[in-house]
Amino acid sequence: MSATTTTSGTPVAAGTAVPTATAFAAARRRERRMLAVLALLALAAVAAFAFIGIKGNWEFALAIRFRKIATMAVVGVAIAWSSVLFQTVTGNRILTPSIMGFDQLFVLIQTVIVFLFGALALATADPRLLFSGQVAAMVGFSTLLHRWLFGRRGRDLYVMVLAGVIFGTLFGSLANLAARLINPNDFVVLQDSLFASLNQVDPGLLGFSALLIGAMAAWTLRLRHRLDVVALGRDHATNLGVDHAAVVNRALVIVAVLVSVATALVGPITFLGLLVANLARQLVGTFRHGVLLPAAALIAVITLVGGQLILERVFTMDTALTVIVNFVGGVYFIALLIRESRR
Amino acid sequence: MTRRRSAGRLRAWHLAAGVALLTALAAASLLVGVGDVTPAGLLGGRDEDLHLLVESRLPRLLAVLLAGTAMSVAGLVMMHITGNRFVSPSTAGTTESATLGVLVATLFAGGEAVIVKMALAVACALLGTFVFMTILRRLTFRDMILVPLVGIMFGGVIGAATTFVAYRYDLLQTLGAWTSGDFSAVLRGRYELLWLAGGVTLLGYLYADRFTVAGMGRSFAINLGVRYDRVVNAGLVLASVITAVVVVTVGEIPFVSLIVPNLVTLALGDNLRYALPATALAGAFFVLLCDVAGRLIRFPYEIPVSTVLGVVGSAIFLVLLLRGGRRMGVR
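Chains A and B are the protein sequences, given in the same order.
Be aware that the first sequence starts at 1, since it is given in my numbering, and climbs by one per residue.
Be aware that the second sequence starts at 344, since it is given in my numbering, and climbs by one per residue.
Calculated from the structure, these hints are not laboratory results.
Everything numeric in this text was worked out from a predicted model, so none of it was measured.
We put the CB at the ideal spot given by N, CA and C, even for glycine.
Please note: incorrect hints may appear among the correct ones.
To be verified - According to the in silico footprint, chain B covers these stretches of chain A (three or more CB under 8 Å from chain B):
| id | segment |
| --- | --- |
| 1 | 171-181 |
| 2 | 325-337 |
Said to hold, decoys possible - Computed Cβ-Cβ distance ranges for the label pairs, DEER-style:
| id | chain 1 | residue 1 | chain 2 | residue 2 | range |
| --- | --- | --- | --- | --- | --- |
| 3 | A | N183 | B | Q516 | 20 to 30 Å |
| 4 | A | A125 | B | R533 | 38 to 48 Å |
| 5 | A | R147 | B | N614 | 35 to 45 Å |
| 6 | A | G56 | B | G532 | 49 to 59 Å |
| 7 | B | A528 | A | V331 | 27 to 37 Å |
| 8 | B | V459 | A | F315 | 27 to 37 Å |
| 9 | A | L120 | B | R533 | 32 to 42 Å |
| 10 | B | A452 | A | F315 | 21 to 31 Å |
| 11 | B | G532 | A | V331 | 36 to 46 Å |
Construct all of the structure, not just a fragment, from the sequences and the given hints.
Structure follows, in structure tokens:
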């Protein structure tokens with residue numbers, strides 16, 4: 001229990017006396033200023049990505065680049081929001097859906113579908129219908145997993161995280177095993193659908209994903225005040241008259257949908273969520289989801305677009321963005337673990 | 344005193360049964376494969392059968408036994424010198440460092456002999472493990488679970504660096520081939536380095552008592568007159584050499600070094616004199632079982648042992664972690 005409380009965010013900065021109305025107003029102004037700065041940075045990154053180094057046909061280049069930007073925006077929002085939500089409902093700052101193996105779970109579900117029904121089904125079925133089916137399976141599985149892992153009280157935080165990491169390995173290995181049992185032709189189709197990189201996202205799927213993300217975003221924003229209360233922990237939330245279980249369940253459905261969308265679009269990126277959720281908490285210094293969620297999404301967009309920009313211009317496409325994100329994120333995660341362990 | 348002796352007798356009986364079981368499985372594994380090798384053919388002296396046996400089946404069996412034994416003993420030793428049940432080459436960045444070493448060797452010493460490449464891999468594995476031990480010393484609050492968590496993440500970071508380098512030099516596919524441990528390419532002349540790992544494993548037995556004492560903690564070990572730092576370093580070198588040799592010859596063999604020592608010490612206790620031979624035996628059996636299963640699941644095609652181990656191993660580890668955690672002193 002102690003581990004959980006130390007790792008959850010502290011709503012009021014230590015050392016402040018009873019906050020006065022002016023202090024609140026000042027804090028709100030600071031939050032708004034930070035959001036504005038982040039928005040400007042995101043715009044700058046997008047502009048730089050769109051316009052730097054175009055040679056030849058502008059219209060053609062811009063069309064391609066804006067599709068990439070749209071993909072990164074959708075993925076960024078999905079990963080950032082799912083991570084913030086997940087950290088809120090689990091009550092700690094080290095867990096994210098990726099670290100708990102959720103995106104590997106999505107890969108596994110996709111592989112099992114091909115294994116059971118064959119690539120023909122995958123190719124001929126309506127992609128939106130198929131995607132909805134996958135998301136439904138994902139929601140079911142992740143809710144079960146979450147119930148099983150978090151249902152009992154008093155689970156040690158580090159046991160949870162390690163279990164999550166190993167669950168990721170298990171899902172990954174199972175997907176790998178299923179992939180080897182699939183016949184080679186089906187496997188090629190599957191691999192294509194799993195390694196959708198930023199460069200070759202199906203516009204139809206992108207539009208559908210954007211729609212889904214929009215719906216989930218609206219739902220999350222409606223929940224934001226209740227999420228603020230849930231962040232205080234189960235006991236406090238219940239005392240304050242919020243149906244803790246109901247909010248957690250809704251948040252988990254949202255998380256499952258968001259993770260599915262992000263994974264379907266660009267594949268697993270383990271540490272991006274951890275990075276952006278924690279940076280957002282540090283930069284805006286608030287516990288209010290109305291501010292935290294947009295901030296995290298903006299940071300994710302800045303990271304993805306800026307990272308891709310550096311990748312294309314400095315490394316001249318010599319590596320994948322996920323590799324860099326995982327490297328930086330992994331180092332950050334170790335630092336976070338060491339710092340948490342010193343408290 | 345009587346209790347100890349009876350435990351010892353039980354152990355001898357178990358060892359004998361284990362050896363018998365392993366021998367039976369080993370004999371069966373010789374007969375599993377696409378090419379027909381039958382006992383009748385061997386006894387009748389059919390040349391093809393004999394040829395297949397000597398060139399492919401026997402080397403493969405030996406490679407599996409050596410790799411399984413060596414990896415599980417390496418895990419047992421690391422578990423003892425760090426005093427943590429969840430620390431093993433695969434959770435301390437050792438395996439990933441060795442893989443990075445193989446990559447570096449391929450890039451800069453591609454034309455050199457295998458032994459040079461292996462030396463580079465060993466050096467990298469050692470370096471990575473020492474870095475992890477340094478991080479470990481900086482952790483003021485050593486939670487049983489926190490340590491392997493940091494180790495896994497550390498391995499992930501090294502893995503990302505490896506992927507980065509491999510991507511730049513267009514070696515991703517080659518890297519993928521090493522990363523997945525697989526015995527299907529083992530033939531006579533392609534696995535003999537593993538005997539080196541086997542030799543190092545035997546050396547581990549000579550150090551067994553000192554590792555046992557070191558596992559009781561630094562001050563305790565020093566009080567008993569053991570040169571703690573030297574023993575710890577010897578253990579790290581041993582585990583690094585074994586891991587690097589296995590990675591160079593057959594690829595990464597996941598989870599064996601983590602699970603087998605845990606299951607064995609759960610049953611037999613922490614004295615390495617007893618636990619070490621049992622671990623060696625159980626490791627060989629476990630890997631052989633997974634290898635044979637991988638050959639049979641989709642006959643005539645093969646599933647690499649690393650995939651089978653990934654599924655079986657992570658499942659067992661989860662059970663250990665979530666169910667057996669209390670017994671293992673986690674909570």
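Legend entry - Violations among the numbered hints: Checked against the structure, no hint fails, so every one of them is satisfied.
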